[in-house]
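**Student:** Chains as they are written, first to last, in UniProt numbering: chain A, 1 to 152; chain B, 1 to 165; chain C, 1 to 778.
Please note that the accuracy of each hint is not assured.
[To be verified] The calculated lysine-lysine pairs, modelled on PhoX-like cross-linking and capped at a C-alpha distance of 25 Å, are:
hint, chain 1, residue 1, chain 2, residue 2
1, C, Lys22, B, Lys93
2, B, Lys93, C, Lys7
3, C, Lys22, B, Lys11
4, C, Lys766, C, Lys189
5, C, Lys525, C, Lys477
6, C, Lys10, B, Lys93
7, B, Lys93, C, Lys2
8, A, Lys130, A, Lys88
9, C, Lys189, C, Lys310
10, C, Lys585, C, Lys549
11, C, Lys477, C, Lys594
12, C, Lys766, A, Lys2
13, A, Lys88, C, Lys155
14, A, Lys57, A, Lys88
15, B, Lys131, C, Lys766
16, A, Lys130, A, Lys50
17, B, Lys128, C, Lys452
[Unchecked claim] So the derived list for chain C, only partly shown, Cβ under 7 Å to chain A, looks like this:
hint, residue
18, Val40
19, Ala129
20, Met133
21, Asp689
22, Thr693
23, Gly695
24, Ser696
[Unchecked claim] Here are the simulated distance ranges between beta carbons:
hint, chain 1, residue 1, chain 2, residue 2, range
25, A, Gln48, C, Thr59, 16 to 22 Å
26, C, Val685, A, Asp40, 36 to 42 Å
27, B, Ser43, C, Ala432, 41 to 47 Å
28, C, Thr59, A, Glu15, 42 to 48 Å
29, A, His134, C, Glu392, 58 to 64 Å
Simulated from the structure, these hints should not be mistaken for lab results. All C-beta atoms in this analysis are idealised placements derived from N, C-alpha and C, irrespective of residue type, glycine included.
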Amino acid sequence: MKLEGTFTVDRPRDEVWQVLNDAEVLRDAIPGCTALEPTDDGYEATVQLKVGPVKAKFSGTVTIKEATAPDLLVLAGEGNGGVAGFAKGEARVVLLDAPGGTEVAYEAEVSIGGKLAQLGSRLIASTSRKLADHFFTRLNEIMSGEQQREAS
Amino acid sequence: MSEITLRINGKQRRVTVEGRTLLVDLIRDQMNLTGTHVGCDTSQCGACVVKLDGDTVKSCTVLTATLPEGTEITTIEGVSTGDLHPMQEAFSKCHGLQCGFCTPGLVVTAIDIVERSPDGLSASQVRKALKGNLCRCTGYQNIVASVLEGARAMGVQVTEEKETV
Amino acid sequence: MKDTPEKPFKGRLEDRRFLTGKGRYVADITLARQCYMGQVLSTHAHARILSVDTSEAETMPGVIAVLTGADCAADGLGTVPPFFMPSLWGGPEGYATQRKILVDDRVRCVGERIAIVIAETADDARVAAETIMVDYAPLPVVTDARAATEADAPKLWDDNENGNISVSIPMGDKAATEAAFADAEVTIKRRLLSPRIAPFSLEPRVSVGNYDEADDRYTLYTSSQDPHGVRSNIARNVLKIAESRLRVVSPDVGGGFGLKAHMHPEDALVLWASKHVGRPVKWLGTRSECMLTDTQGRGQEIEVEIAATKAGKLTAIRAEAWTNLGAYFWGTATPPLFFAMQLIPNIYDVGAVDLTNHAVFTNLPPMSVYRGAGRPEATYLAERMMDELAAELGMDQAEIRKINAIAPDAMPYTTATGMTYDSGAFADMIDAAARVSDWSGYDARAEESRAKGRVRGRSLISYVEVAGVMNERMEIKFEPDGTVTIVAGTHSHGQGHATVFSEMVADWLSVPVENIRYVQGDTDKVLIGRGTFAARSSMLGGTALLRAKDALIERAKLMAAILLEADKDSLDFADGMFKVRDSNKAIALTEVAKMYYIPAGPANALGLGLTGEGTSAGKPGAAPNYPNGTMVCEVEVDPRTGALTVDRLAALDDVGRILNSTICEGQIHGGIAQGMGQALMEEMVFDEDGQLTSGSLMDYCLPRAEHMPDIASELSEVTCTTNPLGVKGIGESGAIGAPVAIVNAVLDAVRPLGVAHIDMPVTQAKLWSALRDAEAAQ
Chain A
1 MKLEGTFTVD
11 RPRDEVWQVL
21 NDAEVLRDAI
31 PGCTALEPTD
41 DGYEATVQLK
51 VGPVKAKFSG
61 TVTIKEATAP
71 DLLVLAGEGN
81 GGVAGFAKGE
91 ARVVLLDAPG
101 GTEVAYEAEV
111 SIGGKLAQLG
121 SRLIASTSRK
131 LADHFFTRLN
141 EIMSGEQQRE
151 AS
Chain B
1 MSEITLRING
11 KQRRVTVEGR
21 TLLVDLIRDQ
31 MNLTGTHVGC
41 DTSQCGACVV
51 KLDGDTVKSC
61 TVLTATLPEG
71 TEITTIEGVS
81 TGDLHPMQEA
91 FSKCHGLQCG
101 FCTPGLVVTA
111 IDIVERSPDG
121 LSASQVRKAL
131 KGNLCRCTGY
141 QNIVASVLEG
151 ARAMGVQVTE
161 EKETV
Chain C
1 MKDTPEKPFK
11 GRLEDRRFLT
21 GKGRYVADIT
31 LARQCYMGQV
41 LSTHAHARIL
51 SVDTSEAETM
61 PGVIAVLTGA
71 DCAADGLGTV
81 PPFFMPSLWG
91 GPEGYATQRK
101 ILVDDRVRCV
111 GERIAIVIAE
121 TADDARVAAE
131 TIMVDYAPLP
141 VVTDARAATE
151 ADAPKLWDDN
161 ENGNISVSIP
171 MGDKAATEAA
181 FADAEVTIKR
191 RLLSPRIAPF
201 SLEPRVSVGN
211 YDEADDRYTL
221 YTSSQDPHGV
231 RSNIARNVLK
241 IAESRLRVVS
251 PDVGGGFGLK
261 AHMHPEDALV
271 LWASKHVGRP
281 VKWLGTRSEC
291 MLTDTQGRGQ
301 EIEVEIAATK
311 AGKLTAIRAE
321 AWTNLGAYFW
331 GTATPPLFFA
341 MQLIPNIYDV
351 GAVDLTNHAV
361 FTNLPPMSVY
371 RGAGRPEATY
381 LAERMMDELA
391 AELGMDQAEI
401 RKINAIAPDA
411 MPYTTATGMT
421 YDSGAFADMI
431 DAAARVSDWS
441 GYDARAEESR
451 AKGRVRGRSL
461 ISYVEVAGVM
471 NERMEIKFEP
481 DGTVTIVAGT
491 HSHGQGHATV
501 FSEMVADWLS
511 VPVENIRYVQ
521 GDTDKVLIGR
531 GTFAARSSML
541 GGTALLRAKD
551 ALIERAKLMA
561 AILLEADKDS
571 LDFADGMFKV
581 RDSNKAIALT
591 EVAKMYYIPA
601 GPANALGLGL
611 TGEGTSAGKP
621 GAAPNYPNGT
631 MVCEVEVDPR
641 TGALTVDRLA
651 ALDDVGRILN
661 STICEGQIHG
671 GIAQGMGQAL
681 MEEMVFDEDG
691 QLTSGSLMDY
701 CLPRAEHMPD
711 IASELSEVTC
721 TTNPLGVKGI
731 GESGAIGAPV
741 AIVNAVLDAV
751 RPLGVAHIDM
761 PVTQAKLWSA
771 LRDAEAAQ
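Bound conformation, chain A alone (with noise of 0.2 Å):
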């Protein structure tokens, strides 16, 4: 299935990019992300995820597959939460220029499996919408949490 979104982060677009690319702000950021550490080409990744009436703890891994600093981000990802379920996908995220910061555009080809298709495929699109909006909230809370630190 595919999942697109965009979100604005009020932070330039070179300064958004060094973040998106920051193992430590990720870990912190990405809801549910208990473990996250970076390997030759991504991450390996643990992740507690509740979707409708499936919760599981995914283990998994992102590799990068392409990345052009600071406008184009692609990643492909899978993970695997054992009778839950598992998900993978490859995802395209560009960087724009945008008033007052940068616009962030996803786009996401998911595939599902296991308890979480079929408890979850309805819930899908709109947990992962919930999610990205934490994940960017978080964003640029450490962002300006970071300015004002910076400022001070």
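Got chain A sorted already, so can you dock chains B and C onto it with the hints?
**Tutor:** Here is chains B and C on its own, set in the frame of chain A:
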């Protein structure tokens, strides 16, 4: 684990439950009242309906530990003692049951429907009021007839309107 | 017998326990020291299993054991073949799968059982199962039966020489059909779909297994329509033990509908696990687990073309079907493959037919029987096409059917598909149904609908059911005190056998019905039986019961002759008494029976006990009775929103001699509701990766009371000639007729608005889209 005192079918019972213990599991596994059934896991089939302080509830949606002390619970086993309740009689007489699995939830629901309709009841009202209970055997035809028959026996007037759906 | 004011229906003997919460379903059975089983199900529709990591689960609270496919192999457990293949019914040889009860190498659909956890509580078992990590290497997936026959489709069974086709069953006369098409004045072609649906017994599947080391014997409590069949399958194929070493008990069963006509892997798993842990093991299927792992019904795509004259007489039908078997040829999948073709002629003289049904493997969970088992697909085709022909020729729905109906004086009549109907008054049924349904009052109702801004449509369809397959055995036994026990080979799970069979015996023997006990569903109590499915019990169970009675009376006569000091051949049995012809000497059967249990005395020579057994069988190669009926349906559609209500539905059923009219009608009502679910709301939806996306009641819609119209049901008694009781089956008729009755009525309503075709389930969204598309096209 927490302790709570409930009145189940008129008897006071002190029970120990986990935070996750659903009322239906308490009723079936700890009270050994197996007339209350589990037909789904999303609270949509109504096989587990019981009375809780005068209201019908799907007992698979109730966390036992959250109930107030002294909560009154009536299961199918408490609907009648000795002679059948008029609603139970009506289900038998009108062939409102086949495999019997949905029956306890339906009988408890049906009595409640009638008790809440002192001014009269029609077939289409019964159909709407049964929306929380699934039956896969009867096509509902004889269940609706049973509820109306039970209503008559319970002294509630049945309005003979043409059924419209 | 029909209910009358003098002899009204008084309820069933089994009702009281269900109404008071005292029914005994398998979930209610708790054995001392029992523990619980949780399962790991495949999340991929097609993948190699690289590894199964159970290490965390083994350390979880309450866990007693974790078992995988490797353990199955180490213990030498066998695999499960189909119950029987089409070759047993005269079809070609096909590819039969062997299914592992725990899969260790390659999963072929979602929901395959990979590992089990045995733990102290059901919650412990489920929680621990969630920690088991299976590493998969995904393989390409194919979900559509027709796509699976393409040369480049992913293949499910490497050694199947026929690609993904298990078997293609041909039927009819190709040359005659081609000739008829060459001469045809009218031909119509359609592609019809019967999607996969869930049998959905309200009681989820459940099993308790217990291995008793002292006896070296297993006991399985399971929710089954056929306990002896389950016993044979598990003992012979999985555990490889003597059948006498396994007892199967199927107590009260909360609905079957074909789902429980065969074993499921969990039945074998709880037994095997019980031996492993030395304790009884219980598995309680959750609804979402069952949605994924239950066998499903239907799943057919068919291309059909009919040939007819301008006067509306059918001359030929040709059709090619693709039936979606799923990953395995499982359980009783054979009958629907045949019935979906054999019943295409329905009540009509159709001329020649040329039919093929391809049974195709895909990466979906296995298909098996569901109420109707192929008959609804056949009827859907016959009656959809009959309406297409009527619409094409501008003819009345009832008229065109009467033109084609087989005449009563043609009986016995052998159809172009080789079924021999013994009896049936089809055109009369159409007239009678029109009367029951107020066919002539339709115009006024259509006008009322128009005034409300809605459109009304109607249908009149007929159907034939083929009922009562295989063979059966029943036993009647007098107890020493003169009470009676019936030991039934059939299995009632809602059909009211305890009442109907007891009433029959009470009537035959003049024993009060309260002195009769009815026993079924336990392989230790019932010598052998086939269980209940395919509307078989009235004819095969009933006939066997009648023969058991005859045998019992014959034996009783020997004792009566001694006691009455008369010649055996001078005795008549009537009203519970043996009477010496032309004399006033008589003795009650009950007294005779008691004498068979006296330890000494002159009557002792006849040996101990008075019992009678009877067996029965359908005719070889052909089914023994053909219930049939006509259904009339009216729907109302709001053309702006696609909202649809089934406003009226009348069913007239020829059930042969009626044994109990209230129970018969109850069966019809229930079948109609299931048919309505199929027509309007039910569908097992899989995405292109083979993932089930309608896996709970949040996404799978079932009919509720407010969806159903008030059903007008009437019974007609055309005595069946193929059995001594004159009965015909009744279990499936409603489910056979209702889908097409409803869809045809919908099409009748929207055809004037430009919608010529729609597939099941006709949801509001689908109907709305079709109406908008038609609007745009005009």
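**Student:** Check each numbered hint against the structure and report the violated ones by number, ascending.
**Tutor:** Failing hints: none at all.
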